[in-house]
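Asks: First to last, the protein sequences are chains A and B. Anchor point for the first sequence: position 455 equals 729 in my numbering, and the numbering is continuous, going up by one each time. Anchor point for the second sequence: position 320 equals 594 in my numbering, and the numbering is continuous, going up by one each time.
No wet-lab data here; the hints were simulated from the structure. Predicted, not measured: the structure shown is a model, and the values here were computed from it. Please note: incorrect hints may appear among the correct ones.
You can't tell identical chains apart in this list, so a pair holds if it fits in one copy or across any two.
Dumping the calculated EDC-like pairs for lysine to aspartate or glutamate here, alpha-carbon to alpha-carbon at most 20 Å [said to hold, decoys possible]: (1) 783 x 709; (2) 433 x 703; (3) 783 x 907; (4) 814 x 298; (5) 874 x 535; (6) 941 x 406; (7) 885 x 771; (8) 885 x 618.
Protein chains: 2
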Amino acid sequence: MRHRLIIVTLAALVMLSAAPSFADEGMWLLGQIPDLEPALKVMGMQLSPKEIWDPATNTGLASATPWLGGCSSSFVSPDGLIITNHHCAFGAIQMNSTPEHDYITEGFLAANRVEELPYRAGRVTVLKGYEDITQAVTSTLKPGMEPEARARAIDLREKQLVAACEKDGLRCRVGEMFGGGAYYLLRQLEIRDVRLVYAPPRSIGEYGGEVDNWVWPRHTGDYSFLRAYVGPDGKPADYSTNNVPFKPDRWLTIAKEPMNDGDFAFILGYPGKTMRYRIAAAVADDTAFYYPERIKLLTQLSAILEEESKRGKAVEIKLASQLKGFYNSVKNNTGMLEGLTRSDLAGRKRAEEARLTSWIDADPARRARFGRVLPAMERAQAQKNATRQRDLLLSWMPIPRSSSLLAAASIIERWSYERTKPDLERKADYQARDERTLRQRLFNMQRNLDLPSERRVLAYLFDRAAKLPAGQRITALDDALAATGKTGDEAIGALLDKLYAGTKLADEKTRLAWFDMDYKALMAAGDTMLHFAAALRADKAAEEQVTQRYEGEMVTLAPRHIEALAAWKNVPLYPDANSTLRLTYGSVKGYSPRDGVYYKPFTTHHGVVEKETGQEPFASPQRLLAAERSGADGTYGSQQLGDVPACFLTDNDITGGNSGSPVMNGKGELVGLAFDGNYEAIDSDFQFNPALSRTIAVDIRYVLWCMDYVDKAHVLMREIGVEPQNK
Amino acid sequence: MRHRLIIVTLAALVMLSAAPSFADEGMWLLGQIPDLEPALKVMGMQLSPKEIWDPATNTGLASATPWLGGCSSSFVSPDGLIITNHHCAFGAIQMNSTPEHDYITEGFLAANRVEELPYRAGRVTVLKGYEDITQAVTSTLKPGMEPEARARAIDLREKQLVAACEKDGLRCRVGEMFGGGAYYLLRQLEIRDVRLVYAPPRSIGEYGGEVDNWVWPRHTGDYSFLRAYVGPDGKPADYSTNNVPFKPDRWLTIAKEPMNDGDFAFILGYPGKTMRYRIAAAVADDTAFYYPERIKLLTQLSAILEEESKRGKAVEIKLASQLKGFYNSVKNNTGMLEGLTRSDLAGRKRAEEARLTSWIDADPARRARFGRVLPAMERAQAQKNATRQRDLLLSWMPIPRSSSLLAAASIIERWSYERTKPDLERKADYQARDERTLRQRLFNMQRNLDLPSERRVLAYLFDRAAKLPAGQRITALDDALAATGKTGDEAIGALLDKLYAGTKLADEKTRLAWFDMDYKALMAAGDTMLHFAAALRADKAAEEQVTQRYEGEMVTLAPRHIEALAAWKNVPLYPDANSTLRLTYGSVKGYSPRDGVYYKPFTTHHGVVEKETGQEPFASPQRLLAAERSGADGTYGSQQLGDVPACFLTDNDITGGNSGSPVMNGKGELVGLAFDGNYEAIDSDFQFNPALSRTIAVDIRYVLWCMDYVDKAHVLMREIGVEPQNK
């Protein structure tokens, strides 16, 4: 009951119009846009909030910006054509590449719609509407509930609401806002016939590669085109040659005018995760434990995969994507840790919390309402920290990010096990609605399976796990090692020998067949890896209980904490990112990364050639270099620059998941695609810094120039309403 | 005869007023300043040419900017107080440092004049006048002379003129301009009692160290103070406690106003060497051979010294200065090579020469006058290249840059040998006037002698020399190796054993005693190293002959080539740098090092702390950090920056040798000290690039802030006319 109050208070706070000091910070919910209107207008927004999203009709610009699952995108033609980042379409490019048709290196351009290539793992999720279900969710909570019970009750109610929502081909999900202060039910159309239309060569789409990753100045043509297809009835359908292009309600038009320094820009996209309201104790854990440990782990695993890559070209290709992910994470996490350390965020939050506490303590009503919150959150954090070493290793044990037999075993075993329960009682992600996705994962992993390297990774993780302190042991592993009758490295070697000798999971057909098997039959198959996965599940359950308890605690505390912060600071608040659609606004703006240096907000076309070395990752296609030398800029140049803009900076507030997001001018026209953040503000997930936090976008004019002069994608240009120059 | 004509033509060309396209480029002779007057006035110069130098009275601002031999400086008080770079005063600081008094680390501030520390190797050279001796020099040349004879004749005439000039304690030298197109005789006062007055801690004076060397943005407090002393009679004298401060004719006052972006600035200093008129063939040799070979050599020698440094702290200290020099050279030479390669200077010069040749060929008179010049220069270059591998190694064999027994042997043997000739016939640098300098070198080297490391360096050079191709052999080494009766590494080892076992040159007293011995007696001493040096002299003579022939050729060709260039381009010319006093003018200006980046022209005080890591080379003294934290900026802040400026950029045209040069505002007041160039334009020695070539200076306001708030050098501040704030 008290819970509802919080919501009301929060809702009221959210309704405050944006304070100038908060300008440009914030990943705002669609429902908050009306409150931002005055600020947006002053900055240059020409669209009304209803043009962006009208909850009465469930239409607006936001229906033109679908989610790609981990990435954002936009429709750019009435025929379901989608523009997103090259790195977001990379899976589609990779899946379709063969040694004979190396689309990764050469790029791909479908001459016509028939030639567009299927991307079976692709999903295009279009917003159809949302509703506030806070009341429905929180009404299941009873006073005096244990935290675990609270978490379970919320989980069950969410599943019920999702199940009720998912009809007529709709896919629904719950967005938890403000740490449990509000809940939204999102109705989405999930299109599953996605095709690759056009990707530039990797040397454009990934120009600068790992060297330039997170770096400004940037010169990456990080764009690609996909197309959404549906059944002849207009409803989502599996891939079929009978399918027809999806007809979106809305699509973006391409801006005719170039952007200039200071111009207003807004972004619609799906930021994945931020931690802006995290308490000092949690930040301290991130700084002292989580990031250092992750960096260590990732660095070790990278070293193993690098070594294994030397076994040959085939292995190198299999491990490339995973290694790339590891590098990206190491760079991200290292920057994050540097940022947290340099800015002493934990210390500053601790000081802020001390001031907040004084403010709370100064008033009996406040003390009554907020007094117990921070201490309780700190206790919850401490409790969670008690098993943090085990929990980190457990989360890596089935190497979820990689193709591996233990990951396959974990999925199959868990799926089979969960199916013994009623659907609503199953673990999230293991309900009937998840079957397709799980099956797809088991299918996809074949391509990159490499047993020698995954065995070495497991050996490393087992070795780390064997050294865990008492109270954080992984019982399944302890037992399995003991059963070998050996100790130390010999035990690990013997266990791995046994696991790999006794498993058939490397075989794709077996994996897919076993996925459908009932639990008893599955266990009777006697597969060593499956049995180990089953044993590990008990340890996982202990870890899940820790999480459930923590979440059950936090779900009442975090909203109250945010409420206190909002009341104390008297500013409007936006919820942390959670892969739901958000609007962020700002303007084109450079920054000073350090004393004496100013980073201009635009790079140029000429700068692409300036970086050229002829060596990866700075080896542009010859046809790009020739086109640049010819001086043919078409109408893509900007007068302010005297050159074609390549990439640009804005102070919009984005994070991972926003990749591929359309950057739009005040008219809502497409001016660029967000694809990265800058290294100096990599810790923006924790704290937005107006002086440093920047969005890096590829300019649509560079995209058009490449389409026109480098790849001659003229048919496609006409589809998006731009007349080619290079005829 | 024809030679004289060239001079006249060149003189006429030099007299043209500065063309705007050449603005800011140029290291101009004092005699050229009147011709620059219009351009200087427009830019902001408030002094008349005569105030800078009046040839009628031999006085002016230029008498306030003495040469330190490899560095520049300025007088800043009527009592001979000199300000220069910390790295220019480093020898004085190092010589006076002991483990008990570590002035390198701690800095040094003399409480009063009695405490000022002697710097016996120091020389302060003050300009007293100059005259054009072109006629006197070139009149010795006869038509049809062989190149070697030409070179010898010029050498002899120069020595005669210098000998006639050196009286009343004056020190004279000849400055060859335009590759032999003009000659000037410089009359200078050489003061040899130089004392260290004040040096900040290395952590200020060398802040950023090797990491920031050649780099912008920069935060180095690269300043120190010396004082010139003379005998009670006002004439130069050896160090004595009876000496008195030198009273300069002129000294600089400290600017009261801060510099701002775009402000006019000029510099008086002694640039060492530029190669702006070098032909394509010579640049090609630099690019393909000279710099790559030097980088390889320096890198190998650095590796050897680094390894040897690990033998212990004492060895590390001995080798530190040489290693620092090697690192600086490697960075410089690498940047130079990158610049030459990236800009394809050789290719562009070749294209330019083709156009020049077309212009020459288009007119019979021009063909007659210039037609043979370029081909002849190319032949001379090719001839010189024939023994370039040998010549490079020979120049390193006595390791002139290091303390070494072979260097000592070479000096003693050569000195003794040259003394068997009349003074005017001796090799330059081995005349009676050079005795003091040579003796000082033999004395100075004791401090850093380290036999194991110099032996390893020699072993490396011997090994390289043993692999020289036929026609470029070093006979002395071949003979000495053959005499060991061994081959390969064994022969080198045996030779080194013999050389080091049979020499007494490691003993300072023996070195200095032998320096005075006559040649016969010296050879009779039977010192192995001396005998090897004597044998090497024959090889050196072959190399000297190559050089003499080349110079004899070039002395008639280079001026004609420059004349052709000047006539073709119709622009005024300045001679290449040659350690004579030059004026360069420009303004405070940032630059764009690459697409998307702008380097601001000022760094700040705050930026010093931003770079702070607590680890060398970014470990500021605690008292600096405390002063910065206190926010005490005195009156040293600049309104434009809102902070104390630390370093700044101008587009003045400088090079090595300009270190320590005063940077002055339009009134001729001191606003900073030049101390470095920027990496992006490190090849400025070959080509000035207005967009990139920059001077890096420490702002006098940072110097004053450090004096006032960090080191409390208040007495000194009052001497230079600035009232301290931090009282």
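Asks: It remains to establish, for every hint, whether it holds in the given structure.
Replies: Now the hints, each set against the structure:
1. 783 x 709: This pair counts as within: shortest intra-copy Cα distance 17 Å, inter-copy 92 Å.
2. 433 x 703: Answer is within; shortest intra-copy Cα gap is 11 Å, inter-copy 93 Å.
3. 783 x 907: Neither. Shortest intra-copy (53 Å) and inter-copy (75 Å) distances fail the 20 Å Cα cut-off.
4. 814 x 298: neither (41 Å within a copy, 71 Å between copies)
5. 874 x 535: both (9 Å within a copy, 18 Å between copies)
6. 941 x 406: neither (29 Å within a copy, 72 Å between copies)
7. 885 x 771: neither (49 Å within a copy, 52 Å between copies)
8. 885 x 618: Classified as between: cross-chain Cα gap 16 Å, same-chain 35 Å, threshold 20 Å.
Going down the numbered hints, you'll see the structure goes against 3, 4, 6 and 7, while the others check out.
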